[in-house]
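4 protein chains.
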Amino acid sequence: MAMVGGGPGSFIGPVHRMAAELDGKFRLVAGAFSRDAGRNAQAARAWDVASDRAYGDYRAMIAGEAARHDGAQLVAVVTPNHLHFEVAAAALQAGLHVMSDKPATLNLAEARALAGIVAASGRLYGLTHVYTGYPMVREAREMVRRGDLGRIRKIVVEYAQGWLSRPLEQGGDKQAGWRADPAQAGVGGCIGDIGTHAFNLAEFIGGAPVERLCADLAAVVPGRVLDDDCNVLLRFAGGARGVLIASQISAGGRNGLNIKVYGETGGLAWNHERHTELTVDWLDAPSQVLHAGSAYLSAPARSASRIPAGHPEGFIEAFANLYSDVADAIVAGRATADPAPGIAAGVRGMAFVERAVAASRDGAGWVALGEAA
Amino acid sequence: MAMVGGGPGSFIGPVHRMAAELDGKFRLVAGAFSRDAGRNAQAARAWDVASDRAYGDYRAMIAGEAARHDGAQLVAVVTPNHLHFEVAAAALQAGLHVMSDKPATLNLAEARALAGIVAASGRLYGLTHVYTGYPMVREAREMVRRGDLGRIRKIVVEYAQGWLSRPLEQGGDKQAGWRADPAQAGVGGCIGDIGTHAFNLAEFIGGAPVERLCADLAAVVPGRVLDDDCNVLLRFAGGARGVLIASQISAGGRNGLNIKVYGETGGLAWNHERHTELTVDWLDAPSQVLHAGSAYLSAPARSASRIPAGHPEGFIEAFANLYSDVADAIVAGRATADPAPGIAAGVRGMAFVERAVAASRDGAGWVALGEAA
Amino acid sequence: MAMVGGGPGSFIGPVHRMAAELDGKFRLVAGAFSRDAGRNAQAARAWDVASDRAYGDYRAMIAGEAARHDGAQLVAVVTPNHLHFEVAAAALQAGLHVMSDKPATLNLAEARALAGIVAASGRLYGLTHVYTGYPMVREAREMVRRGDLGRIRKIVVEYAQGWLSRPLEQGGDKQAGWRADPAQAGVGGCIGDIGTHAFNLAEFIGGAPVERLCADLAAVVPGRVLDDDCNVLLRFAGGARGVLIASQISAGGRNGLNIKVYGETGGLAWNHERHTELTVDWLDAPSQVLHAGSAYLSAPARSASRIPAGHPEGFIEAFANLYSDVADAIVAGRATADPAPGIAAGVRGMAFVERAVAASRDGAGWVALGEAA
Amino acid sequence: MAMVGGGPGSFIGPVHRMAAELDGKFRLVAGAFSRDAGRNAQAARAWDVASDRAYGDYRAMIAGEAARHDGAQLVAVVTPNHLHFEVAAAALQAGLHVMSDKPATLNLAEARALAGIVAASGRLYGLTHVYTGYPMVREAREMVRRGDLGRIRKIVVEYAQGWLSRPLEQGGDKQAGWRADPAQAGVGGCIGDIGTHAFNLAEFIGGAPVERLCADLAAVVPGRVLDDDCNVLLRFAGGARGVLIASQISAGGRNGLNIKVYGETGGLAWNHERHTELTVDWLDAPSQVLHAGSAYLSAPARSASRIPAGHPEGFIEAFANLYSDVADAIVAGRATADPAPGIAAGVRGMAFVERAVAASRDGAGWVALGEAA
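Residue numbers (the numbering used here), protein chains in the order written: chain H, 1 to 373; chain Z, 1 to 373; chain B, 1 to 373; chain R, 1 to 373.
Take the hints with a grain of salt, since some may be wrong.
It does not matter which identical chain is used: a pair holds within one copy or between any two.
Mimicking SDA-like on lysine to any residue, the simulated pairs with C-alpha atoms at most 20 Å apart in a straight line are [what the hints assert, rightly or not]: (1) K174 to A295; (2) K25 to G150; (3) K174 to R35; (4) K174 to I307; (5) K25 to A335.
No lab work stands behind these hints: they were computed from the structure.
Computed from a predicted structure; not experimentally measured.
So here's chain H without its partners, still in its complex pose:
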């Protein structure tokens, strides 16, 4: 595989590398890690990439790899959001598979266009909504699919970070900087960065698409342009109601994603900080706690663990599960890498961002998501 972006200072670039290589299904052999030549070379050395495969830009990289008989087959897109579309499109059109960081693109129009390109390319497109890679998230999805909880009535998903409680972007922080810049991040700040994860998780586990929403987004920290705090009411197809909370000014919050899904006969709860556990409360019976790695889990959950219960895996391994899904789909010649999310999830995520931002700005109350599931 080859990587675009992810040079020194990147958080998610190294995660992609570790995740892709963990199961031995991919090896990082090329990249355009940084536009700065020195940093590009530094990344290549650190990751044992041959110097002639550390390219100056992604176009050269795609061309160069295409020209090799042993060229990379997959491109990991790890840039700021505004470059996701063009890099992914170029790679797909060159016949390469793509694994893109989220959100899929800068805006909905790009996402729709990319969906067309993916379809035309016949290549795999994976989107790293990493939380779908956790074993107990997959178990939760199976429980809902099997109907264990009866019809779903309510979903509450909450993603609380606190690291943007201060205006880090005004002090030169690289991670905060591009996220706070509409030109690089798009119209959504927090809603695009982590709100899309929460949205995706609710649809992934609950199984029903969001049809309508009512959003209250705010830029709480003085001087900030994009939203850093989001509260959204949801209505799902099939009648379930929901609440989505995403915030980067929940001071003291680390990376607190949790979701609760209530059906007619029970409710399940998953919390990223206790990600190896899935709690299920029942109307008339003791609560249950299911543990990752256990033999009693569903096949999709079991296959997402490498080691036995009690030996915790984590974020990198969840990420690796998405890479593994994509690798398996490539080998099997499948059109999607399910359960790993693809461009369809990307389009829905961008629709969510655009509608939530617009509706909140306009005080529009309830609006339709306006994108077919």
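Starting from the known structure of chain H, fit chains Z, B and R onto it as the hints suggest.
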């Protein structure tokens, strides 16, 4: 003290008796526990109330006790909601103090009228928003007051019960029956029964009144008239945003009330199922867990515990703290029993219920709460 | 009821009063609360005990109450350990029932003698091993009795307090003072004060008596005479092994009692700081969490809760369950108040203290408990 | 690097590969994965090892790699215990570094001999006591070193697994089979397999060596020869007392390792199932919870995390930290890979196993560990 309501089958009547007597500041000596003479007598016997002080109705009770030199000085109002106003008003007008179960009245008009009656009576009126009686809730309030977290930016409060996931009211369940009947419960179902607790808790800890709200209430269980599931966006005076979730169809939920309050430099979290703990997460320092009964707590929190840290008290003791506040305020001749809530909290709670119900029904989007704080 | 001890400054005296009165089965009407007349009167006033029933000493109290047609029927013994025997014996011999704080007596010889006196008296004797009063402890006992876990193989019980990490007894602390004084506390410090609770809990839930032990007791804090830290290996009748840890120098510990019981097919865990929950882990199935107040619990557990699941009770209510057991046994004319512990548990506890202290001092390795179960 | 053992069916072999490669400091290029030629080739293919570097036995592998200019520099020893010594010794003597799975050897004599070989070789020897690789374990060690808790008084370490509650070794289970066979596992069963982890962790964090012990080991499951349940009392140099519990018949237990270290002013607690957290309870202040990945941690803890707080790493990453320590020590030319454990820890672990097994069998009570720290 004397009690109106609370006869056999009541959940909250026995709690009032235990709580009132726990600290030796009140003794239950009279009551009109049930309109059914047999059940009335049964309650009196169980609670060691003299048979001549087990009255046939509350009017007789108030008259009878007023005629005794050793008559009860306080009336506990433990009836369904629709009787709260008339019993409390009669007691106050007869010169008795009142401890009322929540919500204060059947509707906002009654609440406003009752506020006038309380003021005119010169008597104490306490409202059993029991969660304000927990030590760590009081500690949380002190932390916010002292400014430990900086300016408050966000509050998320969630109250999840599951016991009304099935239509118990259609099967003769007494507790479910009156709650599902608009004539006895008022225009709010879940929003009045537990939403008011969540609303009160957010204002109690956060210290700022709700100014505007956007509500999505639903009667999820087929055949139910009043709401059983509530999702509400909030705006507080001073600019903080919030979310209030209250539900009685969160299947598997027991009595899961939790609140998170985020300021500029940290966030606190309290969860009723772990009520002896208050967790505080900070931007740049280790998280803290404060424990009820500890010497390092604020005076209001310390005085709300009877026994040392590690010896858990609970719901009855929190309830007892409200009775204790009222007793102390009576002795001291104070006009309110703060921190125990009074009629002002009752008026705000009823305004919340009426506005949320109306706004949700009309699809009104954001509306003002419309009641001065 | 009447109380001996428990005057101003006592921790456990007020707990006995609140617990005894909580369910309306007892009323505190007399006492010899303190040898200091002023403090005795102060306690009586605080608890609404008539001044002529606040006696100067326990002998006068027993005589005075026996002479009344409405005299107290039960004496609560709330003194330091060295007086437990003589007060309890005098009360029983005067025909009164007894509820004694633990440990039962100052030493094993007294405990054996008291067992004889109880038997001869025909009166009820209850011992406040309060943890046996918690609903989920009773559920745990039922699970073991029903064989849910198969044959029991291992028990680990741990009681960690930290409040004696400093030599409080050298600074005049009343609670620490008598506990550190062999004349008042007996030969055991921590082992008698809280080790007996842990020992009792292991036998109560596990159902099998300890037969042999190997103890390592220490007085860790400089200048302290009695043990403040205890580590004990156990062998139970039937072959199970165990470990008992009790410490009052586990710095930072509040009142952390927890127990794990492992059988052939599963293990249960109860932790006092999460006392409303009982966790059960199974060999081949999801873990379970049972919640106090739930309808699915065994009858002994259900009857130990006053209010529904999610409304936490606590230490005072657990204590009250023991008083309730004794009251019910008196009414029913039963010889013991089971599940509330009685003098048999007291004798075993004193045997445990004496054997552990002696064996640890002598470096004796494994020794027999030496007292029939 | 090259690996000996770890072929198909191995649990720990794949962990070594993933861990070694995670940070890009090692690459698996050779191995003698299985004595079965087919399984050996299968492992090589799965892990992208060239077929000519998949050797038939470890001697051939060491010779073959030594003959290459690009031969492996480190050998991972992932066999059953009885082969650890000979493989490690051969590798060291051929000038290769070694990373060995624990326990270091089959018995104490071999461990002492290996210590001599390591010293003579001038090569690095790492021992995968994986729990020392967790960030919060390293933070705990730093806290003790800095004296944050005052002098250490007590350590309780507990390692509860349940997977050997049934006689799996009698049914052909590979993992259970060699562990239950004295010829392959040594004189210790559970005590060697996981007791050594617990022992190592107590010394690693507490900083003081165990001097004396009193052990109760048992083979609980019928038909089993080696111990499967261990309870051990400890005395540390400096006077601290301790308890070590290790069990593989704690039914329902997954991989529950936890440790508590109490000093004069506070106590810390770490639990593997919540490994990203370190809880510290203080005598007079709120409890603290430190989170892996936080900026406020000590340097050794910070450098053991790859990604920010709230993004959990796990077992594989902890393992990888040991490989990273060894790589860094090789590059720097250091004699040990501290904080990664080396042969000194291995010798102490084997002394612990032998003394505990002998003392328990003989009913010897307290015995000296008998090995210099």
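Tested hints:
no.	hint	result
1	K174 to A295	between (43 Å within a copy, 17 Å between copies)
2	K25 to G150	neither (38 Å within a copy, 45 Å between copies)
3	K174 to R35	within (15 Å within a copy, 52 Å between copies)
4	K174 to I307	between (36 Å within a copy, 15 Å between copies)
5	K25 to A335	within (18 Å within a copy, 35 Å between copies)
The structure shown violates just one earlier hint, number 2.
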